[in-house]
Amino acid sequence: YNLYNGDEKALVRKLKKQSRYFSTYTKKSIPSSYHYKKSHRAPDILLVARKNYSLRTSKFQNGHRPDPVGGHGYDPYTNKEMRGIFYAYGPLFREEYKFSSFENIHIQPLIAHILGLKTRKVDGKLSRLKRILKKKKKK
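Read in order, the letters of the sequence shown correspond to residues 9 to 147 in my numbering.
Please note that the accuracy of each hint is not assured.
Distance condition first, Cα-Cα at most 30 Å in a straight line; then the derived DSBU-like pairs of lysine-lysine [said to hold, decoys possible]: (1) K36 - K24; (2) K35 - K17; (3) K45 - K59; (4) K129 - K143; (5) K45 - K35; (6) K45 - K17; (7) K145 - K133; (8) K36 - K46; (9) K35 - K22; (10) K88 - K45; (11) K24 - K59; (12) K88 - K129; (13) K25 - K126.
Don't read these hints as lab results, they were simulated from the structure.
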């Protein structure tokens, strides 16, 4: 925020006034659903483009405006078309089993469980996806 001499609050106020095409969050106000707020990678100020818009620099390079980079889609909580599709096939998975959507953070604990790996604590929970696995037969 070099344009505001380090005055983060003034910059946030100005951004929020112009936020017709994006949402403005401070590190403390990043939605919990982003699983990002407590990360050391979280910025002091985060801008999230609204559906059908993208953010890019206005600076021209060699006479041309650069193509947008880092476009990873929109918030899947507010834009259902951004939700992913998950297919699983193999001897451990139930056949033709369908269930409601889930956050992809739960895939890592599922894969670790299947491979018998112990991992450090993550945001995902095996309990959210365990129902897609075949039940073990009792001996």
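30 Å Cα cutoff - pair K145, K133: Holds, because 23 Å separates the two Cα atoms, which is no more than 30 Å.
Distance restraint between K35 and K22, which requires alpha-carbon spacing of 30 Å or less: 16 Å, holds
Straight-line alpha-carbon gap K88 to K129, limit 30 Å: With a Cα-Cα distance of about 28 Å, the restraint between K88 and K129 holds, given a limit of 30 Å.
Satisfaction of hint between K17 and K45, Cα-Cα up to 30 Å: 18 Å, holds
Restraint check for K36 with K24, where alpha carbons must lie at most 30 Å apart: 15 Å, holds
Given hint K46 paired with K36 - CA-CA distance at most 30 Å: Between K36 and K46 the Cα gap is close to 9 Å, so the pair holds against 30 Å.
Hinted pair K88 and K45, Cα distance within 30 Å: With Cα atoms ~22 Å apart, K88 and K45 stay inside 30 Å; holds.
Hint consistency between K24 and K59 [alpha-carbon to alpha-carbon, up to 30 Å]: 17 Å, holds
Pair hint outcome, K129 versus K143 [Cα-Cα no greater than 30 Å]: The given pair, whose Cα atoms are some 25 Å apart, holds under the 30 Å limit.
Hint consistency between K35 and K17 [alpha-carbon to alpha-carbon, up to 30 Å]: Roughly 12 Å between the alpha carbons, so the hint for K35 and K17 holds.
Hinted pair K45 and K59, Cα distance within 30 Å: 22 Å, holds
Hint consistency between K45 and K35 [alpha-carbon to alpha-carbon, up to 30 Å]: 6 Å, holds
Hint check: a violation occurs at hint 13 only; the rest are consistent with the structure.
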